[in-house]
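Given the coordinates of chain A, work out where chains B and C should sit on it, guided by the hints.
Protein chains in written order, with this note's numbering: chain A, 127 to 417; chain B, 3 to 410; chain C, 855 to 1166.
Treat the hints as calculated values from the structure; they're not laboratory data.
Ideal placement from N, C-alpha and C gives every residue a C-beta, glycine not left out.
Just to be clear, a hint being listed does not mean it is correct.
With a Cα cut of at most 30 Å, we get these calculated DSBU-like pairs of lysine-lysine [as the list claims (entries may be wrong)]:
#	chain 1	residue 1	chain 2	residue 2
1	B	125	C	926
2	B	141	B	200
3	B	125	B	329
4	C	926	B	141
5	B	200	B	252
6	C	1004	C	926
7	B	141	B	327
8	C	1004	B	305
9	B	360	C	874
10	B	125	C	874
11	C	856	B	125
Stretches of chain C that chain A covers, calculated by requiring three or more beta carbons in the stretch to come under 8 Å of a beta carbon on chain A [to be verified]:
#	segment
12	958 to 967
13	971 to 984
14	1068 to 1076
15	1091 to 1103
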Amino acid sequence: MDLLLLLQLLNGLVSGAFYALLALGLALILSLTRIINLAHGGFLVVGAYLGYVLTGLLGFYPALLLAPLLLALLGVLLEAFLLRPLYARDPLESLLLTFGLALVLEEAVRAIFGPVGVPFRIPEGLSAPLFPDTPFFFLTRYRAFVLGMAALAGLLVFLLLRFTALGLYLRAGAQDREMLSALGTDVRRLYTLAFALGVYLAGLAGVLAAGQLGLSPTMGTGLLMPSFVALILGGVGSLGGSYLGGLLVGMASGLAGQFVAQASEFAPYIILALVLLLRPRGLFGQEGFFE
Amino acid sequence: MLRYRLTRRGVLRLGLGSAALAFTGRAQGETIRVGLVGPLSGVYAALGRNEVEGARMAVDDVNVQGGVLGRRLELLVEDSATRTDLGVQKLRKLVERDRIQFSLGEVSSGVSLALSQAAAEYKMLHIVTGGHADDITGKSCRWNTFRIPTTSTMEARAIGPLLAERFGKNWYIITPDYAYGWSLQEAFTRVVERLGGKVLGADRVPLGTSDYSAVLLKAARAKPDVLLTFQAGDDAVAILKQIAQFGLDKQMAIAGGLQDWENIAALPKEARIGWWTFEWYWIQPNVPEVKAFVDRYRRRYRKVPTARSWFGYAAIWSLALAIQKAKSLDSVKVAQALEGLELPRNVALQPGRVYYRKEDHQLLTGVFVGRVRQGQDPDDLFEVVRVVPGEEAAPDPRDTGCRIVYPG
Amino acid sequence: MKVRFALFFLFLLLLPWLLKALGSYAALGSYILIWGLAAMGLNLLMGYAGQVSFGHAAFLGLGAYGAGLTLKHLAPSTPLALLLGTLLAALAALLLGPLVVRLKGIYFATFTIVFSQLFYFLAFQWNEVTGGDDGLRGFARQDLHLLGLKVDLTASEAYYYFVLAVFLLLAYLLWRTVDSPLGRAFLALRENPLRARFLGLKVERYLLGAFVLSGAAVGAAGALLAMLINFAQPSMLHWSTSGELVMMAFLGGRYHFFGPLLGAALFRVMEEVLSSVTKEWMLFLGSLFILAVLFFPGGLADFLRRWAWNRR
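Okay, chain A solo, but in the shape it has when bound (with noise of 0.2 Å):
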């Protein structure tokens, strides 16, 4: 029994690492324009198909580099022309314009690559089991795969935020975006670059899950709301809680699908509900922070 437990941790770990990766795209994007971005999961879809198309050009490590960085391109474009007019006015404006990106992008993707989905192969290499033949054959490469670009991913942010100059300025942004332009900062571009790397968190997502899970206009709901609840999980306000969020709202809903089948789909909701009714501020929340 404690085996099985352990297997469906680690199982639960894998969902983790795609909720991880957006819930950290949504904090960066969040705490410094201050924007609720409900086309994350969109920006994945079109990450998922970007890498598609690539992959039948260039192959699948090509497009795993290349579909996220052009997603990020189409992030900068929609930021300036749809995001950057909506940062002095109403919140709920650019939260309902978010609202209908969303909806526009995952049509998008169905009026081009039409409604049921397309096939994504991943390389030979990756599909074997890790260690046939034991317990843990469920463990395929590319689910190890998944995992360590995951952790990748994490760390080189860490990196980035921690030191480099640039990873100064998105922290004082995020920290006070206000006296950091009263220093002299030109902001918007911290903006633009915010936005930029957010989304291409959710592009390699994108990629990944396409492997895992296949590729279909509706893949990026499925993801976007477990992302938010890591997100509050973790804390608002904070880019590492929201990281470690992802990654325990996919242990917790693994854990829980093996005790009753269907709570894994609520167990998100219900991690939510708690957290927000005891503890609003996440685990690692940030104080004034939206209140």
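Just chains B and C, lined up with the frame of chain A:
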């Protein structure tokens, strides 16, 4: 920085211009108007569109042969986007504005039930072209409702014996956690237990689950002969991919109930596995009429017809034949003519006797049992092993809970 | 002002015939009024009290299922179905309210999604009562018995006038709320909750009031909807339906009383027209919405008012 060329006025003019597409009425000559409400957008769009294509081809075929009772057949199509309220509204629009006399639809069971109920309010005949819930020709059956696709029970009774015989009688079930999934679980459990086998375990998984490793782990440990999965759509893609990735298909037989060609085509090649039931297939070497139909369809639409296309095709033809037989456009008379009506071979496009059963208005169509594999033609994804006749697969009509009552 | 009102009232009275003249159908009128009522109910919370809820579809669904279950199991009475559906929604709002109003901003919005999904799950899974995914069916709106007269509501036109009557009644009640000290308190909440609190307003209590009232209004709309199509389905409770309500209230103009009605009309008519023209109509609708947010944040009502003002 960037400036907008668009001004408020420009956008508004654009918007008004587009919205100036007024509600246009449609010309009403001496035609027989059939309405089809289906999902042309949204998740089921691929299925809905194939259905429309099949129906359109049938309308042309009927009209080329001189129409029905000397009048042309006309098909009017509306999008339901798989939403019940929108679907019913569209049906009302088709009846009140376009004056349709008969209706067809939908892909989802829920919307199908709502449409059949709404059509009954207008005393209009309705043929269900996509809903699979047993209820439609079971507890919720109606005098005005006829159904073409198979039911969960039919699927289980068709494929169950084959699986038990070929692979064994210890089964494990993974099913989506809602009424449709439960009914499939029940149907298959009954079948295997009647054959002397048993269900080692069953897991109900929420719809939209993308990660099946937890349940697959449990299933693998149970070591069944057959692993049954009833997920549909995106969920089917996810679970089959993961089954293939874990190599489970090498340890046990993978099977289930209904599959759609459209879903298999969305799978990567290594996940195209398993034994399923199809409701119709385009390669049937023993039925010459099928090849002629497929060739015509391919030339017209540049793709192969699927079961959904056939549903649309058969529905229109069923109407045409019943109206001809009843010599009337009154829905009650046409309904009575449809009861027991046997589809001719060039409409049934399958072996055996295919007819509408009087007791519950279910079309006794064959269940195509087989396995997914890649054939010579890139569109050949399924190998039909046996076509189980509808009469054999369908349960006793007394067991369906259906009681048809005609309006007094 | 009175003239405008009278014209508007006349317009509503004649709507079924106007629609038919335009080549449409009468039931569309009921559809628009119902969604307009729902959007106006939501706007009590959103436009007046300033809180965005992505969960109001739960109340719509509760009203719908309440009405359907009443007709199916309790009594063949349309008014009773309407009443019980509304009460069910109001009750849910009353029970959830104290939890919800403790949260603000993004937390409030996220929590509304949570409870909305919980009710959706309930409708979807509780098969024996709700019919699950296949929906609640086997009921139909019944004749009205007014002062000894029997009014048959089966025809689309007849039901439209019933819906119109209910709509006008509830709109009047909403107007009285908004135009009262209570309504002013809501506005204070929207503009500056901190200041309102300093002024002695018990913010949570007023927010609860707004929440329950808006829930009841949306519930009534839900009951009317169920009786329009004689069906109730879980998708009515899905948070994407809530999203549509938010879009309608926004597009129509959330700072105007009848704005959301305009928004509902615009949204449903566009949906009606576009879906018959192109398969990618959702794409167009979404894009139009984005343009609206960028260029017309005050909504259609605001735009019309400015246009009327400029023409003086």
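Evaluated hints:
| no. | hint | result |
| --- | --- | --- |
| 1 | B:125 x C:926 | 21 Å, holds |
| 2 | B:141 x B:200 | 28 Å, holds |
| 3 | B:125 x B:329 | 18 Å, holds |
| 4 | C:926 x B:141 | 15 Å, holds |
| 5 | B:200 x B:252 | 21 Å, holds |
| 6 | C:1004 x C:926 | 20 Å, holds |
| 7 | B:141 x B:327 | 28 Å, holds |
| 8 | C:1004 x B:305 | 56 Å, violated |
| 9 | B:360 x C:874 | 39 Å, violated |
| 10 | B:125 x C:874 | 22 Å, holds |
| 11 | C:856 x B:125 | 45 Å, violated |
| 12 | 958 to 967 | holds (count 8) |
| 13 | 971 to 984 | holds (count 4) |
| 14 | 1068 to 1076 | violated (count 0) |
| 15 | 1091 to 1103 | holds (count 3) |
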